[in-house]
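Protein chains in written order, with our numbering: chain G, 1 to 261; chain F, 262 to 423.
Any given hint could be a false lead.
[Said to hold, decoys possible] Reference listing, derived: stretches of chain G covered by chain F, where coverage requires no fewer than 3 residues with Cβ under 8 angstroms from a Cβ of chain F: (1) 43 to 53; (2) 142 to 156; (3) 170 to 179.
[To be verified] Derived, one-sided and incomplete: chain F residues facing chain G with beta-carbon distance under 7 angstroms: (4) D265; (5) L266; (6) G277; (7) A285; (8) R289; (9) P293; (10) Y294; (11) Q304; (12) D308; (13) F310; (14) F332; (15) R408.
If you are wondering where the hints come from, they were derived from the structure by calculation, not from laboratory data.
From the three backbone atoms N, C-alpha and C, an ideal C-beta is built for every residue, glycine too.
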Amino acid sequence: MISLSPTDLLLASSLVALDAGVSVALRLQLHRQFLWAAARMVVQLVAVGFILRFIFALNNPLATLAVVVVMGAIAAREIAARPVRRFKGIAGLTISGATVALATLVTAILALTTAIRPHPWYDPRYAVSLVGIILGSVLNSGSLALDGIVGGVWRERTAIEAQLGLGVDYRTATLPLLRESLRRGLLPIINQMSAAGLITLPGIMTGQIIAGMDPMEAVKYQILLMFLLAGASGVAVLVVAELALRRLSDARQRLRVDRLK
Amino acid sequence: MVADLDPNEGEVSLNGVSRDSLPAHLWRRRIPYVAAESGWWAQTVHDHFAPDQLARARALAERLGVGDAAFDGPVDRLSTGERQRLALVRAFILDAPALLLDEPTGPLDPVSVRKVEDLLLERLATGAVIVLVSHDPAQGARLGARRLRMVDRKLQPEEDAG
Chain G
1 MISLSPTDLL LASSLVALDA GVSVALRLQL HRQFLWAAAR MVVQLVAVGF ILRFIFALNN
61 PLATLAVVVV MGAIAAREIA ARPVRRFKGI AGLTISGATV ALATLVTAIL ALTTAIRPHP
121 WYDPRYAVSL VGIILGSVLN SGSLALDGIV GGVWRERTAI EAQLGLGVDY RTATLPLLRE
181 SLRRGLLPII NQMSAAGLIT LPGIMTGQII AGMDPMEAVK YQILLMFLLA GASGVAVLVV
241 AELALRRLSD ARQRLRVDRL K
Chain F
262 MVADLDPNEG EVSLNGVSRD SLPAHLWRRR IPYVAAESGW WAQTVHDHFA PDQLARARAL
322 AERLGVGDAA FDGPVDRLST GERQRLALVR AFILDAPALL LDEPTGPLDP VSVRKVEDLL
382 LERLATGAVI VLVSHDPAQG ARLGARRLRM VDRKLQPEED AG
């Protein structure tokens, strides 16, 4: 494996400076954001590198769990914050938290106990990395589906209430919205799978190949990961859409948009 | 509270069947509510009716002065008045024992108001209950209804002067 020196990175960073220069020259007003984002990226990744090194050295299941929980909590917060209209109180966080926990745990534990099987199975090198990748997918699909439900119900509230008023049950009245939201949430993973290898070389695979792994081995890992991500996305969209729809109604099948800010 | 579309407390019953003894949608099916602002959930008007009710809905719409062109066209081409009349048709064809109407003739011209009121009177003659909100004091008299006026958030019986 070819190790990178600080000078190598510094050299590559001149490309960011080039982007910022373009922004200044063309008055895109993006240079501040560009430099800020680049600096943030470096600081965040270096910090994560240190934390991971520390956690890997500890090799303690509780410490691993703590890291996984913090990552999950951040993902849950992001999902809940995504829709323009949000739930009042802690309902949004409860919904996204349950979604993240269920989708991630199911797929991560499945992978760690069957396909990957490290020793011990909670080996942080595998557990933390796997959870990280899965969370990315859960965040993506979950936030799209949640936004679909919350935004959709808000947009269609008159139409939904008109149906409720005529005696249509809540589930039937919101079924088109549910379908639409699930579709929206699942499209990214479908795109990701169909583009894999042709349009994009997935990041993990590229990383492993650069790090010296045999391409076929890297490919097998990537296929496994894609399946896991598809599963995690599926669970995430179902759980988040179902919980959000429930929260937007009550025992008397009313439309409770008053529970949104 | 009768439509049960906003959180509320209390007891309501219709012909001896209490609200809480029925699942919400079955209760509302017996006493449909038509809001002042009509809601639409499909592209064209006729998609809002079950296939077996289409002929009756079309006939009722015709009676209220909404022709086939509007009935088979997209919802967003309708005028406010047409929407309102078609929303009433949606509730009428359910043949429910009671109707809740919020300003059913609010956006209508006098001719259409007349047509809607005739239909309401027919319904009343068959023994149906109609509760409606109106800003027209004369409407209650024309329908021969018991009138209540909303004053300071309270309903008061109205004298037969209006």
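* Run the structure past the numbered hints and jot down the numbers of the failing ones, going up. => 1, 2, 6, 11, 12, 13, 14, 15
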